[in-house]
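Required output: the full structure, derived from the provided sequences and hints.
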Amino acid sequence: MNFTFSAPDDTLRTLLQQRIDDKTKPPGALGQLETLALQIGLIQHSVNPVLTRPHIMIFAGDHGAACAGVSAYPQEVSWQMVENFLAGGAAINVFCRQSGLGLSIVDAGIKHDFGRRNGLIDAKQGYGTANYLVDAAMSRDAAAAALARGRALAHAQADAGCNCIGFGEMGIGNTASASLLTHCLTGIELDALIGRGTGLDDAGLARKRALLGQALARGGRPADPLAVLAEYGGFEIVMMTGAMLGAAEKGMVLIIDGFIVTAALLAAHALAAQIVPYCVFAHCSDEAGHIRQLDYLGVTPLLGLGLRLGEGTGAALAFPLLAAAVNFLNEMASFESAAVSGR
3 MNFTFSAPDD TLRTLLQQRI DDKTKPPGAL GQLETLALQI GLIQHSVNPV LTRPHIMIFA
63 GDHGAACAGV SAYPQEVSWQ MVENFLAGGA AINVFCRQSG LGLSIVDAGI KHDFGRRNGL
123 IDAKQGYGTA NYLVDAAMSR DAAAAALARG RALAHAQADA GCNCIGFGEM GIGNTASASL
183 LTHCLTGIEL DALIGRGTGL DDAGLARKRA LLGQALARGG RPADPLAVLA EYGGFEIVMM
243 TGAMLGAAEK GMVLIIDGFI VTAALLAAHA LAAQIVPYCV FAHCSDEAGH IRQLDYLGVT
303 PLLGLGLRLG EGTGAALAFP LLAAAVNFLN EMASFESAAV SGR
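Sequential numbering of the sequence shown, starting at 3, is according to the working numbering.
Read the hints as simulated data drawn from the structure, not as lab findings. Some hints here could point you the wrong way.
Label-pair restraints from in silico Cβ distances [stated by the list, open to error]:
{"#": "1", "residue 1": "A150", "residue 2": "A335", "range": "17 to 23 Å"}
{"#": "2", "residue 1": "A340", "residue 2": "S8", "range": "35 to 41 Å"}
{"#": "3", "residue 1": "G90", "residue 2": "P28", "range": "30 to 36 Å"}
{"#": "4", "residue 1": "P28", "residue 2": "N50", "range": "53 to 59 Å"}
{"#": "5", "residue 1": "G102", "residue 2": "H157", "range": "18 to 24 Å"}
{"#": "6", "residue 1": "N120", "residue 2": "D143", "range": "27 to 33 Å"}
{"#": "7", "residue 1": "G163", "residue 2": "A225", "range": "35 to 41 Å"}
{"#": "8", "residue 1": "R118", "residue 2": "H157", "range": "21 to 27 Å"}
For lysine to any residue, the following SDA-like pairs were computed, each having C-alpha atoms within a straight-line distance of at most 25 Å [stated by the list, open to error]:
{"#": "9", "residue 1": "K126", "residue 2": "A70"}
{"#": "10", "residue 1": "K126", "residue 2": "Q100"}
{"#": "11", "residue 1": "K252", "residue 2": "K113"}
{"#": "12", "residue 1": "K252", "residue 2": "V79"}
{"#": "13", "residue 1": "K126", "residue 2": "N86"}
{"#": "14", "residue 1": "K27", "residue 2": "T16"}
{"#": "15", "residue 1": "K113", "residue 2": "R99"}
{"#": "16", "residue 1": "K27", "residue 2": "K252"}
{"#": "17", "residue 1": "K113", "residue 2": "V49"}
{"#": "18", "residue 1": "K27", "residue 2": "S8"}
Every residue gets a Cβ at the ideal spot worked out from N, C-alpha and C, and that includes glycine.
This is how it looks when you write it as structure tokens:
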């Protein structure tokens, strides 16, 4: 599958930087907000960027390996949390309401039937993946189909007027999948990427490491990103990867959440490296491998709050900073307009 987009146009960089520097402040005094304003302006090819219909999409899916004990929680928590999202009771619901963000829940592959529900997008690719401890999580064709579905979902959001999209996930066992994906896509040592996920104790963490080592011994480290996704991914991670690539195709600003979302981005990056300039990295998660993912990509997150909830919560919390960056660029007086003397 080919994703056709290029890195943001750099021709406006000098003009944007001059506009930022002409605001009534010392150069660089707004720190990362200035970098963020420049980035958003370059993505949108505009010296007056705007954020329209900002939206968070949560991709939900189950993992066959969850039954082996890679998580502290039972698999049914996946569908129960989707119900919580739909009822408006989760942290992501609170933060989206607080910042006026749209929210969609995508059933990419939960082991449960929800029926037709408001706020739920039925994109189910299967009732969870296979157990990657004994077989590939999905076929290559299934991975390609999930990518294509994610791409279509992002395009639909763009066509509805959204130009800023944040990503979240839900799926018991998906930190384990993200660890395997990250190892295969980056070469970072697997043990350094395996964290406590939903709160494993020391014994649980040791078991998780042993199980993921067993999975890697079985499946190896595939040579191409689609094969990596098929071997160890979840439907929610693969579909999110496709949505990220589709969003970049539409010139959207992508807000990247924590460890699992960044694993999906690593797959997107392996398929199309020019995606990274479209991405704002919301925060550095408390999950062990996230800082290593960020270092591999050479990027700086906006926040460091010790979060490890997922759901897109970091993306929702970071959004007001994107709004602040755009607003200061558009609304703050220049030295000339305010009749303030420069240096």
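Status of the hints after comparison with the structure:
1. A150 with A335: 17 to 23 Å: Given range 17 to 23 Å: violated, Cβ gap about 47 Å.
2. A340 with S8: 35 to 41 Å: Once the Cβ atoms are compared, 38 Å apart, the range 35 to 41 Å for S8 and A340 holds.
3. G90 with P28: 30 to 36 Å: Given a distance of about 43 Å, which is not inside 30 to 36 Å, the answer is violated.
4. P28 with N50: 53 to 59 Å: violated, 23 Å
5. G102 with H157: 18 to 24 Å: The hint (18 to 24 Å, Cβ to Cβ) holds, given that G102 and H157 are roughly 23 Å apart.
6. N120 with D143: 27 to 33 Å: holds, 32 Å
7. G163 with A225: 35 to 41 Å: holds, 40 Å
8. R118 with H157: 21 to 27 Å: This hint holds: roughly 22 Å between Cβ atoms.
9. K126 with A70: holds, 23 Å
10. K126 with Q100: violated, 29 Å
11. K252 with K113: violated, 31 Å
12. K252 with V79: violated, 34 Å
13. K126 with N86: holds, 18 Å
14. K27 with T16: Within the cut-off at roughly 18 Å; holds.
15. K113 with R99: Measuring from Cα to Cα gives roughly 28 Å; hence the hint is violated.
16. K27 with K252: Answer violated: K27 to K252 is near 34 Å, above 25 Å.
17. K113 with V49: violated, 46 Å
18. K27 with S8: violated, 33 Å
Violated hints for the displayed structure, listed by number in ascending order: 1, 3, 4, 10, 11, 12, 15, 16, 17, 18.
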